[in-house]
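Q: Below are the chains, spelled out letter by letter.
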Amino acid sequence: MIIPPYLKKGDTIGITCPAGYMEKEKAQTCITTLQQWGYEVMIGKTLGNNSKNYFSGTDEERLNELQAMLDDDRIKAILCGRGGYGVGRIIDKIDFKQFKRKPKWVIGFSDITVLHCHLNSKLKIASLHAPMAAAFNNDGFKNEYVLSLQKALTGKKISYQTTIHPFNKQGIAKGELVGGNLALLANVIGTPSDINTKNKILFIEDTGEYIYNVDRMFYQLKRSGKLENLSGLIIGGFTDTKDTTRPFGKTVYEVINDIVNEYNFPVSFNFPVSHEKENYTLKVGVNYQLEVGRKKVMLKEL
Amino acid sequence: MKRKDFLSSIIPIGAVFSDMAFGKHIIEEPDIPSKIPPYLNKGDVIGICCVAGYITLEDTQSSINKIKEWGFEVKIGDTIGKRDFTFGGTDDERLKDFQQMLDDKNIKAIMCARGGYGLVRIIDKINFTKFILHPKWIIGFSDVTVLHCHINHNYSIATLHSKMCNSFPTDWNIAEPIQIDSIESIRKGLIGEKMNYNIAPNTNNITGKSEGILIGGNLRTIESLAGSVSDINTDGKILFVEDTDEYLYNIDRMFWSLKRSNKLSKLKGLIIGGFKIKQDDPGEEFGKTLEQIVLEKVTDYNYPVCFDFPVGHQKDNFALKCGIIHRLNVSPTQCSLTEIRL
Numbered sequence: 001m002i003i004p005p006y007l008k009k010g011d012t013i014g015i016t017c018p019a020g021y022m023e024k025e026k027a028q029t030c031i032t033t034l035q036q037w038g039y040e041v042m043i044g045k046t047l048g049n050n051s052k053n054y055f056s057g058t059d060e061e062r063l064n065e066l067q068a069m070l071d072d073d074r075i076k077a078i079l080c081g082r083g084g085y086g087v088g089r090i091i092d093k094i095d096f097k098q099f100k101r102k103p104k105w106v107i108g109f110s111d112i113t114v115l116h117c118h119l120n121s122k123l124k125i126a127s128l129h130a131p132m133a134a135a136f137n138n139d140g141f142k143n144e145y146v147l148s149l150q151k152a153l154t155g156k157k158i159s160y161q162t163t164i165h166p167f168n169k170q171g172i173a174k175g176e177l178v179g180g181n182l183a184l185l186a187n188v189i190g191t192p193s194d195i196n197t198k199n200k201i202l203f204i205e206d207t208g209e210y211i212y213n214v215d216r217m218f219y220q221l222k223r224s225g226k227l228e229n230l231s232g233l234i235i236g237g238f239t240d241t242k243d244t245t246r247p248f249g250k251t252v253y254e255v256i257n258d259i260v261n262e263y264n265f266p267v268s269f270n271f272p273v274s275h276e277k278e279n280y281t282l283k284v285g286v287n288y289q290l291e292v293g294r295k296k297v298m299l300k301e302l
Numbered sequence: 001m002k003r004k005d006f007l008s009s010i011i012p013i014g015a016v017f018s019d020m021a022f023g024k025h026i027i028e029e030p031d032i033p034s035k036i037p038p039y040l041n042k043g044d045v046i047g048i049c050c051v052a053g054y055i056t057l058e059d060t061q062s063s064i065n066k067i068k069e070w071g072f073e074v075k076i077g078d079t080i081g082k083r084d085f086t087f088g089g090t091d092d093e094r095l096k097d098f099q100q101m102l103d104d105k106n107i108k109a110i111m112c113a114r115g116g117y118g119l120v121r122i123i124d125k126i127n128f129t130k131f132i133l134h135p136k137w138i139i140g141f142s143d144v145t146v147l148h149c150h151i152n153h154n155y156s157i158a159t160l161h162s163k164m165c166n167s168f169p170t171d172w173n174i175a176e177p178i179q180i181d182s183i184e185s186i187r188k189g190l191i192g193e194k195m196n197y198n199i200a201p202n203t204n205n206i207t208g209k210s211e212g213i214l215i216g217g218n219l220r221t222i223e224s225l226a227g228s229v230s231d232i233n234t235d236g237k238i239l240f241v242e243d244t245d246e247y248l249y250n251i252d253r254m255f256w257s258l259k260r261s262n263k264l265s266k267l268k269g270l271i272i273g274g275f276k277i278k279q280d281d282p283g284e285e286f287g288k289t290l291e292q293i294v295l296e297k298v299t300d301y302n303y304p305v306c307f308d309f310p311v312g313h314q315k316d317n318f319a320l321k322c323g324i325i326h327r328l329n330v331s332p333t334q335c336s337l338t339e340i341r342l
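Protein chains in written order, with this note's numbering: chain A, 1 to 302; chain B, 1 to 342.
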């Protein structure tokens, strides 16, 4: 696994929107904060693009801008403005040649999971699963989750401690960290961006899903062999879940626990990785130790 | 054992040889049609059971009456009327009921009472040993796509994609003719009539003629089988897909999944059934139609594409025989799908 160079004061971070539309104003606090952290910020045209639809520009516009930022040696990290949907439309057209020669940090989550998976499986380059521009708003720039991005960018090894959950399975796991948004992890199965999870620590979060659909997607992970050889499993937030008129009869964590409790690896539920504020920066492709104890849970970068 | 091609009773030797003569690479899953379960005769028994969502006995009554009217007997499974929240009984109950019907030689076809969700929870526990020796028709759609895909991929046995018990109208006098015809097509399929559908053209259709094994079902379900032992191989086949209650962005994402996992590149034809599209939230308009979403994925390929095919979560949902060779003929004036008898 290749770890891109960490950032130094004065380095440039590019902001682009490879998926859904984002108003420029909504990224302003993020831009200011990144500058306060000591970085230069280069804003792509896709941010606040005059797009009339869901996307932050046409496929070509989003592709060209991401490509330009990947290829521009002056840009040391690329922060995706927001997720939504759209990376899967352009991923196979991205030319990673230059990026492979000079890797840089790609930052984001949700739809950006496609990039994390692709970089992990095809290019073996680490990336940052982290809060995006909107997370900086409403005083978000002061919270520990956004600040965890600042620490990660400078190369500080980070440990996260979190509270226990009744469904946790105790134990210690070591391995490369992979994961992201459940719907996207399921969506890339069988494609060139599909990840190998063997001996790895997998983290998963999702939002706005029906409980039955979370059940179905976890069955897909199980049935496609993604769970059986894990070293450890981190279940993040499953926010804004929906239920059918005829209730599913289980909470989303009960659904997940029913499927994963047959395995022996440690499992941590309610880990702060989610579509809510609680969303720690995680280095995808980097080795971690997950320690699920009786009184606390620790995720430590090795 | 990965696949039991040798079980096929009819192997198109000519087709395989002609491929060899042209020096083509013979793919892992050659174009071998499925073993066809025996068609039904008067007096044969059709079992009905819940493999996924729950249904009351009352809600199956219309289908029971109609099946009897067709001259068949009905065996009502234990799961009809059972309920475990959204499911038609617990996993064990649904599994047991389906397994019994699968193993009961007196039952010649199993109609899944309704879809919903639940098959992936039990599919890996179903024992198909007796079914392989004595195939019977498995009937249903939506979540039952799991069975169509699993049986097609692992056992090469034909199945019937069609309406289920919950789609039989309680009052036939006010039912639309198209719904009645759809239900009648189940009977035709089961007694062995050659399937032949003609539909009006959609201006977005891509014209052409092709032949291949028919395969498909619910798009979301097909996606959820990717990477699993039930995942389909679409090479050389005619694929049909339908879905309901999905946002356009998600339909797009699922078609990308098909494309990126090479399920579109070697098709013989593509049939787009009904798609009930969930309205985009204001300001989040996707900006592409279903037709645009599909067509942009297949521009590099050269096979017929037919839109608006009457299959899906809708009144016109005609029975389709999965695993059997069909001819798809898409012309500017009409589109036909015809079962081919070897």
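Don't read these hints as lab results, they were simulated from the structure.
Just so we're clear, the structure is a prediction, and the values are computed from it rather than from any experiment.
Here a beta-carbon is modelled for each residue, glycine too, at the ideal position from N, C-alpha and C.
Treat the hints with care, since some could be wrong.
As the list claims (entries may be wrong) - Calculated pairs, DSS-like style, for lysine-lysine (alpha carbon to alpha carbon, straight line, at most 30 Å): (1) B/Lys276 / A/Lys250; (2) B/Lys276 / A/Lys24; (3) A/Lys142 / A/Lys250; (4) B/Lys288 / A/Lys93.
Stated by the list, open to error - To be clear about the criterion: a stretch of chain A counts as covered by chain B if any three or more of its residues have a C-beta under 8 Å from a C-beta of chain B, and this derived list gives those stretches: (5) 49 to 56; (6) 145 to 154; (7) 185 to 192; (8) 241 to 252.
Q: Each of the hints needs a verdict: does it hold here or not?
A: Each hint, compared with the structure:
1. Between B/Lys276 and A/Lys250 the CA atoms are separated by roughly 27 Å; this keeps the pair inside 30 Å, and the hint holds.
2. Between the alpha carbons of B/Lys276 and A/Lys24 the distance comes to roughly 34 Å, so the proposed pair goes past 30 Å and is violated.
3. This hinted pair does not check out: A/Lys142 and A/Lys250 have alpha carbons roughly 36 Å apart, beyond 30 Å.
4. Our distance criterion of 30 Å between C-alpha atoms is met by B/Lys288 and A/Lys93, whose separation comes to about 20 Å.
5. Evaluation of the coverage hint for the region 49 to 56 of chain A: fulfilled, as 4 residues show C-beta separations to chain B shorter than 8 Å, against a requirement of three.
6. Note: the region 145 to 154 of chain A has 0 residues with beta-carbon separation from chain B under 8 Å; the three-residue rule is not met and the coverage is violated.
7. Counting residues of the region 185 to 192 of chain A whose CB falls under 8 Å from any CB of chain B gives 7; the rule of at least 3 is met.
8. With a cut-off of 8 Å between beta carbons, the region 241 to 252 of chain A has 6 residues touching chain B; three or more are needed, and the interface restraint holds.
Taken one by one, the earlier hints fail for this structure at numbers 2, 3, 6, listed in ascending order.
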